[in-house]
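Just need the whole structure built from these sequences, with the hints factored in.
Each chain is listed here by its residues.
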Amino acid sequence: MKISEVPQDDIKMLQGERKALYAVDEQGRYAQTTTRGWEVEEIVLHQVIHDFEEQAGKAAVRVRHHETSPIEYFMHKSWMDPLTLAQAMGLYRWQVKRHFKPGVFKKLKDKTLMEYARIFRVSVDALRHFHGED
Amino acid sequence: MTLKPLEHRQYAHCESGVVTALLKRHGLDLSEPMVFGITGGLTFAYLPLIKITGMPIISYRMFPGAIIKGAVKHLDARFRTKRYREKGEALAELTNLIDSGEIVGLQTSVYWLPYFPPEMRFQFNAHNLIVYGREGNEFLISDPVFEHPVRINAEDLQNARFARGTLAPKGFIYYPVRVNRDIDLHKAIRKAVKRTVHMMLHAPVPFIGVKGIHYMARKIKRLPVREDLRYTRLLLAHIVRMQEEIGTGGGGFRFMYAAFLQEAGDLLGIVPMGEASRMMTEAGNLWRQFALACARACKSKTADVNVGEIAQRLQKCAAQERLVYTTLRSLNL
Numbered sequence: 001m002k003i004s005e006v007p008q009d010d011i012k013m014l015q016g017e018r019k020a021l022y023a024v025d026e027q028g029r030y031a032q033t034t035t036r037g038w039e040v041e042e043i044v045l046h047q048v049i050h051d052f053e054e055q056a057g058k059a060a061v062r063v064r065h066h067e068t069s070p071i072e073y074f075m076h077k078s079w080m081d082p083l084t085l086a087q088a089m090g091l092y093r094w095q096v097k098r099h100f101k102p103g104v105f106k107k108l109k110d111k112t113l114m115e116y117a118r119i120f121r122v123s124v125d126a127l128r129h130f131h132g133e134d
Numbered sequence: 001m002t003l004k005p006l007e008h009r010q011y012a013h014c015e016s017g018v019v020t021a022l023l024k025r026h027g028l029d030l031s032e033p034m035v036f037g038i039t040g041g042l043t044f045a046y047l048p049l050i051k052i053t054g055m056p057i058i059s060y061r062m063f064p065g066a067i068i069k070g071a072v073k074h075l076d077a078r079f080r081t082k083r084y085r086e087k088g089e090a091l092a093e094l095t096n097l098i099d100s101g102e103i104v105g106l107q108t109s110v111y112w113l114p115y116f117p118p119e120m121r122f123q124f125n126a127h128n129l130i131v132y133g134r135e136g137n138e139f140l141i142s143d144p145v146f147e148h149p150v151r152i153n154a155e156d157l158q159n160a161r162f163a164r165g166t167l168a169p170k171g172f173i174y175y176p177v178r179v180n181r182d183i184d185l186h187k188a189i190r191k192a193v194k195r196t197v198h199m200m201l202h203a204p205v206p207f208i209g210v211k212g213i214h215y216m217a218r219k220i221k222r223l224p225v226r227e228d229l230r231y232t233r234l235l236l237a238h239i240v241r242m243q244e245e246i247g248t249g250g251g252g253f254r255f256m257y258a259a260f261l262q263e264a265g266d267l268l269g270i271v272p273m274g275e276a277s278r279m280m281t282e283a284g285n286l287w288r289q290f291a292l293a294c295a296r297a298c299k300s301k302t303a304d305v306n307v308g309e310i311a312q313r314l315q316k317c318a319a320q321e322r323l324v325y326t327t328l329r330s331l332n333l
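From first to last, the protein sequence lines are chains A and B.
Taking our numbering, the leading residue of the first sequence gets 1, the next gets one more, and so forth.
Taking our numbering, the leading residue of the second sequence gets 1, the next gets one more, and so forth.
Note that these hints are calculated values from the structure, not bench results.
On a predicted model such as this, the values are computed, not experimentally measured, just so you know.
There may be inaccurate statements among the hints.
[Said to hold, decoys possible] Derived lysine to any residue pairs resembling SDA-like cross-links, with alpha carbons at most 25 angstroms apart: (1) A:Lys12 with B:Val110; (2) B:Lys4 with B:Thr43; (3) B:Lys219 with A:Asp81; (4) A:Lys58 with B:Pro224; (5) B:Lys301 with A:Lys111; (6) A:Lys111 with B:Asp29; (7) B:Lys87 with B:Lys170.
[To be verified] Rough simulated footprint, nothing fancy, chain B against chain A, three-plus residues with beta-carbon under 8 angstroms: (8) 63-71; (9) 98-111; (10) 124-131.
Even glycine gets a Cβ: it sits at the ideal position worked out from N, Cα and C.
Here it is as structure tokens:
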């Protein structure tokens with residue numbers, strides 16, 4: 001890739017930041033240069049984020065119908081799957097899945113809820129009182 | 001020995017950037033591609049059994065920490081490294097080191113770094129950065145993939161250093177204590193190229209090196225487009241993300257390695273290495289065409305994803321890379 005061919009697509013995900021990379025000049029010599037992003041990066045990232053958001057939307061409906069707990073909603077919102085969340089919490093996956101049950105969720109200890117809230121970067125209140133308003 | 005003050009510079013990749021900057025401070029002034037090449041940073045691996053958020057691990061570079069280990073082994077640099085059980089101890093030691101004028105590298109989780117653009121803050125636990133100072137509760141950070149220095153408060157930094165999960169950093173801290181400035185670069189380069197060529201051509205398992213690229217092509221060819229379009233798109237998106245995301249240097253590190261081959265060829269006076277560099281640039285270009293094809297498949301509103309064609313593009317990458325490595329092998333370095 002030549003320096004003149006380095007994409008400068010101004011993608012939103014970079015928020016104006018530029019990334020460094022190596023490309024060749026007109027003489028074929030490598031030099032460090034910068035990019036404002038490539039559209040391709042944004043397409044594939046949004047594919048992944050869109051999927052998580054869709055899962056979160058579905059989970060919100062199930063929270064409304066008392067079929068799952070806010071844990072599942074915020075998990076998707078934080079772009080995690082049950083295994084990743086379990087590892088981040090230092091729990092087993094089956095424990096996290098159990099916490100998806102509304103009955104189990106209501107009885108969770110404050111300490112566990114606080115840790116979930118920390119991982120999700122929301123307040124404990126926001127976690128406890130989420131009723132499925134997506 | 002007098003240490004040079006740290007000047008923030010932007011690099012293409014986090015780990016090679018941190019190691020390059022730390023070595024520079026200790027008087028060994030190498031380019032980032034040189035550090036990447038000599039420490040043996042390049043690879044290809046498709047690990048179907050280890051999953052991150054339901055996706056196989058796909059890596060275009062060696063596992064996190066390999067460049068630091070490579071600097072110890074192949075650049076004769078001695079590092080002090082430490083992981084912690086106690087968060088408090090980690091923070092106290094960091095504070096002491098920084099206040100006494102040390103400049104250190106840390107392994108962190110991107111999820112907890114507030115200065116990253118929000119859409120990039122996934123659970124990725126192996127991001128490297130440099131801490132070079134402190135003002136009250138804030139640490140001064142030179143993050144090699146950012147244009148400018150940044151700051152982070154102690155609480156966020158603690159979260160980032162002690163994120164749990166795959167590749168958990170466990171507070172990993174590292175900094176050089178002795179760097180050999182008179183290292184025999186010629187010898188180090190020859191050995192490094194041989195090692196990389198050997199791994200890419202003769203890895204004993206089918207999912208590493210050139211064979212690994214073919215392996216991934218077969219996986220793509222067999223994707224259940226009709227039955228599971230969602231998974232098909234997610235896997236293609238995942239592959240390209242690993243190839244292009246911040247910190248990869250673009251083209252899945254192939255351009256960085258081509259830059260290394262060019263610089264090495266000049267230094268050693270071996271003209272055919274320049275030819276290998278041009279071939280590697282072409283491999284990088286092919287990888288980008290492959291990425292473009294994957295992105296088109298993600299974007300298309302219909303289910304007419306031609307995985308056979310995408311797989312073919314990938315096989316071209318594999319063939320081109322084989323050409324690079326066989327050329328390098330024939331040089332008898």
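Consistency of the hints with the structure:
For a cut-off of 25 angstroms, the pair hint linking Lys12 (chain A) to Val110 (chain B) stands: about 18 angstroms separates their Cα positions. At most 25 angstroms may separate the alpha-carbon atoms for a hinted pair to count; Lys4 (chain B) and Thr43 (chain B) exceed this at roughly 32 angstroms. The suggested pairing of Lys219 (chain B) with Asp81 (chain A) holds, with an alpha-carbon distance near 23 angstroms, which does not exceed 25 angstroms. A C-alpha spacing of about 24 angstroms is found between Lys58 (chain A) and Pro224 (chain B), which places the hinted pair at or below 25 angstroms, so the restraint holds.
Of the pairs offered as hints, the one joining Lys301 (chain B) and Lys111 (chain A) is violated, with about 45 angstroms between alpha carbons and a cut-off of 25 angstroms exceeded. Only pairs whose Cα atoms come within 25 angstroms are accepted, and Lys111 (chain A) paired with Asp29 (chain B) is rejected, the gap being roughly 49 angstroms. Restraint check: the Cα-Cα separation between Lys87 (chain B) and Lys170 (chain B) comes to about 9 angstroms, which is no more than 25 angstroms; the hinted pair holds. A count of 0 residues in the region 63-71 of chain A with a Cβ less than 8 angstroms from any Cβ of chain B is obtained; the coverage claim is therefore unmet, three being the minimum.
A count of 0 residues in the region 98-111 of chain A with a Cβ less than 8 angstroms from any Cβ of chain B is obtained; the coverage claim is therefore unmet, three being the minimum. A stretch counts as covered by a chain when three or more of its residues have a beta carbon under 8 angstroms from one of that chain; for the region 124-131 of chain A and chain B the count is 0, and the coverage is violated.
Of the numbered hints given earlier, the model fails hints 2, 5, 6, 8, 9, 10; all others are met.
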